[in-house]
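Engineer: Line order of the protein sequences matches chains A and B. For the first sequence, UniProt numbering begins at 1 and goes up steadily by one. For the second sequence, UniProt numbering begins at 1 and goes up steadily by one.
Worth flagging that the hints you see were computed from the coordinates, not collected in a lab. Treat the hints with care, since some could be wrong.
[Said to hold, decoys possible] Okay, derived cross-link-like pairs now, BS3-like style, lysine-lysine, Cα gap no bigger than 30 Å in a straight line:
(1) A:Lys81 to B:Lys119
(2) B:Lys119 to B:Lys270
(3) A:Lys81 to B:Lys499
(4) B:Lys500 to A:Lys81
[Stated by the list, open to error] Here are a few chain A residues that sit away from chain B, every Cβ distance over 12 Å (derived from the structure):
(5) Ala35
(6) Ala43
(7) Ser44
(8) Ala46
(9) Ala48
(10) Gly51
Cβ atoms here follow ideal geometry from the backbone N, Cα and C, with glycine treated the same way.
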Amino acid sequence: MARVTDAPKVVTANRLQDGAVVWLTAAGDWSIRVADAQVQTDASSAEAALGIARASAARQEVVEPYAVDVVVEATGPRPLKTREWIRAAGPSIDAIPTAA
Amino acid sequence: MSPTAAARQIDPPANGLSSHAGIYHYDQVDRDFLKERVEQFRRQVARRLAGELTEDEFKPLRLMNGLYLQLHAYMLRIAVPYGILTSRQVRQFGRIARQYDKGFGHFTTRQNLQFNWIKLVDVPAILDLLAEVDMHAIQTSGNCIRNVTSDQFAGVASDEVVDPRHYAEVLRQWSTLHPEFSFLPRKFKIAITGSSADRAAICIHDVGLIAKRGADGTVGFEVYVGGGLGRTPFIAKKLRDFLPEDELIAYLEAVLRVYNAYGRRDNIYKARIKILVHELGIDAFRDEVEAEFARMPVAQYRLEPAILDGIRTRFASQPYEALEPISGILARARLEDQAFNRWVRTNVAVHRQPGYAIATITLKPAGGIPGDVSADQMDVIADLADRYSFGEIRVTHEQNLVLAHVRQDDLPALWKALADIGFGEANSGLITDIIACPGLDYCALANARSIPLAQRISERFADLDRQHDIGELKIKISGCINACGHHHVGHIGILGVDKKGVEAYQLTLGGSAAEAGAIGDILGPALSADETLDAIDAVVGVYLDQRQDGERFLDTLARIGHTPFKDKVYAAH
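For reference, chain A alone in the conformation it holds in the complex:
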């Protein structure tokens, strides 16, 4: 069970078809850019956003939606936990082996 915090939140999931990390937008659809995510600043709006996400999961669009703590910066929301910013930004390594 994730710890409940007062931090602003965004809602994320993995897209069913390709497993891509997606973020719930203000329009109620999904974006692959965390910058497009709608930031929820209170518990009731976060719960409402999760409700939208769960309905999307029930339509088999995404898998296992959940809320993520973020800090809001000039460029948009940035997940606080390492796991989540890696999900947002991709692997922290050069994912293609060099040579050849």
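We have chain A; now place chain B onto it with these hints.
Structural biologist: Frame of chain A, contents of chain B only:
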């Protein structure tokens, strides 16, 4: 896929240039089965995409086909039976990597290959491509008997007593889709070797087998049980000193039945057989197994010589040339080129066939990602296997590859070709030959990143003079306590932990997965990544200062104990 398959008509290998590769060659029955299985999963994927299956319904189906959902995408884990591949199969990996992944694949500690960027919609097409080359992803996940692993030098090692490949194949056929063992309390891993030196990490498997010969020359098995890593690590305990060859399957059935009956299903962390063996005690566990074994109609399970002979005939043999035991070309090249000489010292092993050698391709270039190979590199390695090793490539549990049948005369040319693709590093068994799990960069279970730390260690110790001076030193890194990076048995083990939301790393010293297996001891409190790099430097420094003539790192550690290392590492804290 069953033992009776051995009696079927053997088709000519569908592997073209790889016809002499020492793999088990499928026949039409095997291929029809695989095709059927792909069609089955294709329909399951279609139903999932159409919304007819929920994730909860689909998840066990995809896992039984090796498909995980990780942080960024689906991950497909492909079974490489006991780590042996043909060049054609490796080229097919390259094709899949280009067409359906981001151009690379990742070899794992269970001798398998993972693709990290797979789309669910593409999986049936990928499975079609795998089936074209007699491959699949069945039982690379789930609570079943996983892909059987073995010694990467099987059949060619100079110290080998019994070739374990044929028995590994028996185990593969026995365990594939075994109805009684498809829903075990947890996953079940078997490793087998036939040599005195344990290159297959027998001691950390649910069941470890050492094939050997009795006083009368007959084959039997030393059976170990209850090894494993994870949050409760154990070194396996000896169950039988000499299990006769023909009782192999019956006895393993008895072991699995006892586990299936008594293994815990209420707590995932206590469900592995190691916990059962630990809680019962090895003697009581053995009594249970022997009682079950005594109740079984053993004759029905007898591993008949005819079945084994049938399997042996399905392994291609290599048409070795009659060569002088020592190559003049090799000797001259070693004298003329110190870099090559160094590579031979670390990466080349003695072959049982005169004039041949075993070459290890370490997938650990300075600053590289352990076990990662690009599609282009795969193609080159496949070509080199065709040219120099009868079209055969092997995967090691240390995330390296092996060309197992190289003429000594060809070693200089092979090394140059490997160096051209970045895999000519003379570091097998040295400090940069690191095992690392995918860690938090890919894995949904991880607490900390493994790969970037492995890269930084590799960069820091890149100087080959220094590496060779340090000698044998195995670093193993896991991004969480599940220990996929085998940190418990690293000479230096590194465990990634989450320390109040920050990645930190806990060091262990003195682990080993070799013959005298050992779980490492925790050195002290967890450190940051930067501190961990310095700590490894400090540990190496103490070793170099304190070692006596001929001592390896583990020898010095055993002699002087942990305290000098701990004092040095934590001096500044």
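Engineer: Now look at each hint and say whether the structure bears it out.
Structural biologist: Checked hints:
no.: 1; hint: A:Lys81 to B:Lys119; result: holds (26 Å)
no.: 2; hint: B:Lys119 to B:Lys270; result: violated (33 Å)
no.: 3; hint: A:Lys81 to B:Lys499; result: holds (12 Å)
no.: 4; hint: B:Lys500 to A:Lys81; result: holds (10 Å)
no.: 5; hint: Ala35; result: holds (17 Å)
no.: 6; hint: Ala43; result: holds (21 Å)
no.: 7; hint: Ser44; result: holds (25 Å)
no.: 8; hint: Ala46; result: holds (19 Å)
no.: 9; hint: Ala48; result: holds (22 Å)
no.: 10; hint: Gly51; result: holds (18 Å)
Violated hints amount to a single one, hint 2; each of the other numbered hints is respected by the structure.
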